[in-house]
Amino acid sequence: MRFVEAKDRSLANILSDNRFRIDSFQREYRWQRKQIEALISDLATAFEKNYKPGDTLETYEEYGSYYMGPIVLCDDKKELSIVDGQQRLTSFTLLLIYLLHAQNDLGLKEELKTDIRKHLFVRRGAKDTLILNVESRAKVIQHLIDNPDTIFEDVEELEENLENSAKPSKDESIQNIIERYEDITILFPEDLYDNVKLPIFIEWLLNNVVLVEIRAFSMESAYTIFETMNDRGLSLNPTEILKGYLLSMIDDDTKSEEMNVFWKERVFDIKSAIGTDSDLDFFRNWLRAKYAETQRSKTKGSENLDFEQIGTQFHSWVKSNTARIFLKKSDDYYYFIKSDFDFYSSIYINLYSYKNEPCEDFESLYIANFYTIADSLSYPLFLSPISKIDSEESMNQKIYTVNRFIDNYTVFRTFQNKAITQSTIRNYIYDLVREIRNSELSELQSILKTKLLEITGNNLTAFEPLQVMNNWGFYHYFFARILYYFADDDVSFESLLRSKKQISYILCSIYFLDNNGEPEGDTLYLKKIDSVANYVLIRRNHAEQFNGLNISRRLKFLTKHNYLPEMVNEIEIDDINTFIEKRDKVLRGLVKEIWHMQ
Numbered sequence: 084m085r086f087v088e089a090k091d092r093s094l095a096n097i098l099s100d101n102r103f104r105i106d107s108f109q110r111e112y113r114w115q116r117k118q119i120e121a122l123i124s125d126l127a128t129a130f131e132k133n134y135k136p137g138d139t140l141e142t143y144e145e146y147g148s149y150y151m152g153p154i155v156l157c158d159d160k161k162e163l164s165i166v167d168g169q170q171r172l173t174s175f176t177l178l179l180i181y182l183l184h185a186q187n188d189l190g191l192k193e194e195l196k197t198d199i200r201k202h203l204f205v206r207r208g209a210k211d212t213l214i215l216n217v218e219s220r221a222k223v224i225q226h227l228i229d230n231p232d233t234i235f236e237d238v239e240e241l242e243e244n245l246e247n248s249a250k251p252s253k254d255e256s257i258q259n260i261i262e263r264y265e266d267i268t269i270l271f272p273e274d275l276y277d278n279v280k281l282p283i284f285i286e287w288l289l290n291n292v293v294l295v296e297i298r299a300f301s302m303e304s305a306y307t308i309f310e311t312m313n314d315r316g317l318s319l320n321p322t323e324i325l326k327g328y329l330l331s332m333i334d335d336d337t338k339s340e341e342m343n344v345f346w347k348e349r350v351f352d353i354k355s356a357i358g359t360d361s362d363l364d365f366f367r368n369w370l371r372a373k374y375a376e377t378q379r380s381k382t383k384g385s386e387n388l389d390f391e392q393i394g395t396q397f398h399s400w401v402k403s404n405t406a407r408i409f410l411k412k413s414d415d416y417y418y419f420i421k422s423d424f425d426f427y428s429s430i431y432i433n434l435y436s437y438k439n440e441p442c443e444d445f446e447s448l449y450i451a452n453f454y455t456i457a458d459s460l461s462y463p464l465f466l467s468p469i470s471k472i473d474s475e476e477s478m479n480q481k482i483y484t485v486n487r488f489i490d491n492y493t494v495f496r497t498f499q500n501k502a503i504t505q506s507t508i509r510n511y512i513y514d515l516v517r518e519i520r521n522s523e524l525s526e527l528q529s530i531l532k533t534k535l536l537e538i539t540g541n542n543l544t545a546f547e548p549l550q551v552m553n554n555w556g557f558y559h560y561f562f563a564r565i566l567y568y569f570a571d572d573d574v575s576f577e578s579l580l581r582s583k584k585q586i587s588y589i590l591c592s593i594y595f596l597d598n599n600g601e602p603e604g605d606t607l608y609l610k611k612i613d614s615v616a617n618y619v620l621i622r623r624n625h626a627e628q629f630n631g632l633n634i635s636r637r638l639k640f641l642t643k644h645n646y647l648p649e650m651v652n653e654i655e656i657d658d659i660n661t662f663i664e665k666r667d668k669v670l671r672g673l674v675k676e677i678w679h680m681q
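Residue numbers (the working numbering): 84 to 681.
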């Protein structure tokens, strides 16, 4: 009798010739952007450590493997039930769907393409079914596979169908799957998105990413394994190890116990305010902001240096770099906790609050946080210029200044169709963290303004004439910023973002290609129809009515419901070409007002 089997298996092996079910009692997919970003960053970093120019599909097998942890399955001789690991397998499925389309979009030769569909579908009962076989999610997954160019446009219809069906789905995973796929399209590193690297990356991902498959043959055995893996043992985390080291270096027992009590209280405060493991993120962000100097080069086989070591083992890094942190005698360790840790952890808790909760004095941080760079990059930037000798006003001005830079940097790069994923921009941001460390306010403002000018050149906003609509998620956020700029004080920014509510906003095109009867070869007209200026946010419950209107009545409808507040002086325009030209010019002016560099 078999009780359990465990073996290393590649991602390709796991997602081939199997069909998995996710039982109803644990079926929600709950990964957020933070987890997707970490996954993509880790995979890209592991791949780049092996890749060197000149590599081909024939040489990638020499690359090292990347371990993604265990998954626990129950084999009941019908299907494999995922007991632990559905978050990762669902996320890998979304990544494979993205890569399936990326191969086609790049126009790869057939010999360079990988048959990714066999890792999405399995043949059962004379028909193809999804390998991740969850009925309530099948439609949205199939939609992502079949209609990648319309996914963000059709999601509202999909949600309405689900809400209005005889048996409406309450699976929160549907919206989350769409949002995480959208994250992947934004966060996938641009330096992997080419005809040379992408085919190698896909093969490496499928064959060198390894999971330990633990297969039990009864649900009871499977859950016993799962509980044992997650509940047994109380190993120290890096925060506790760091505390133990620092306290051991304080000679005075009274001071040591004082700091022990303070440390536990402050770590509790951090976790209470932010969440589990947020203490780990704080120490990584603080140490990178104030002390890290070096980072690993892109050369194959390069060693991890300060920024990377702090990310993986900050407790060990501190012990090895006491001189850099000015820790020599007992009192240094005492005041490092009593003064430095106290000061920067307090700021960190406040920053988290500013970024995640509406606050009148720091509203700009809250708004910018809906579309921004990774926390592992933004927090070091915020903390880097702040010094213990700063006045409260000076600290606040530095926070405003850094937020303005992050907001503009993120938006401008997206205008330019450049990735903002952690793995793509981290070297640039880490260099900037060092450059602005402990800087005075005027110096900080000068440095960051220069950096933005380097990005935009003579075009002060990077928003080009007839800017192309190529990112539904971002431009929904973009138009929300514009509506909020004109909105009354009682309007919340979050209410302008996409949600399932009937009164929420969705992104719609104002005119369609066939509205003007223009010849197909009219390139300029096509550019106008495909431009950002031809899109608008309207309430979901107005969409059907709006789409049924003829051309002459659309602008009047949008004006009546205040969907075009920026065009209040242009309401008499009936010509499509003229309207889009005028609105494009107005939008470029608004970008300068909203994302100014002062």
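Keep in mind the hints are simulated off the structure, nothing from the lab. The C-beta atom is built at its ideal place from N, Cα and C for all residues, glycine as well. Possibly wrong hints are sitting among the right ones.
Okay, derived cross-link-like pairs now, PhoX-like style, lysine-lysine, Cα gap no bigger than 20 Å in a straight line [claimed, not checked]:
id, residue 1, residue 2
1, K222, K210
2, K373, K135
3, K338, K411
4, K280, K501
5, K90, K196
6, K381, K280
7, K373, K338
8, K192, K280
9, K411, K354
Okay, the calculated beta carbon distance ranges per label pair [to be verified]:
id, residue 1, residue 2, range
10, S470, D572, 31 to 37 Å
11, K501, E193, 25 to 31 Å
12, T642, E218, 41 to 47 Å
13, P441, G137, 28 to 34 Å
14, T661, R622, 24 to 30 Å
15, S447, N230, 15 to 21 Å
16, D360, I586, 34 to 40 Å
17, K402, Q118, 26 to 32 Å
18, K402, S380, 23 to 29 Å
Now the hints, each set against the structure:
no.	hint	result
1	K222 / K210	holds (16 Å)
2	K373 / K135	violated (33 Å)
3	K338 / K411	holds (16 Å)
4	K280 / K501	holds (17 Å)
5	K90 / K196	violated (29 Å)
6	K381 / K280	holds (15 Å)
7	K373 / K338	violated (25 Å)
8	K192 / K280	holds (13 Å)
9	K411 / K354	violated (30 Å)
10	S470 / D572: 31 to 37 Å	holds (35 Å)
11	K501 / E193: 25 to 31 Å	holds (29 Å)
12	T642 / E218: 41 to 47 Å	holds (44 Å)
13	P441 / G137: 28 to 34 Å	violated (52 Å)
14	T661 / R622: 24 to 30 Å	holds (27 Å)
15	S447 / N230: 15 to 21 Å	violated (36 Å)
16	D360 / I586: 34 to 40 Å	holds (36 Å)
17	K402 / Q118: 26 to 32 Å	holds (29 Å)
18	K402 / S380: 23 to 29 Å	holds (24 Å)
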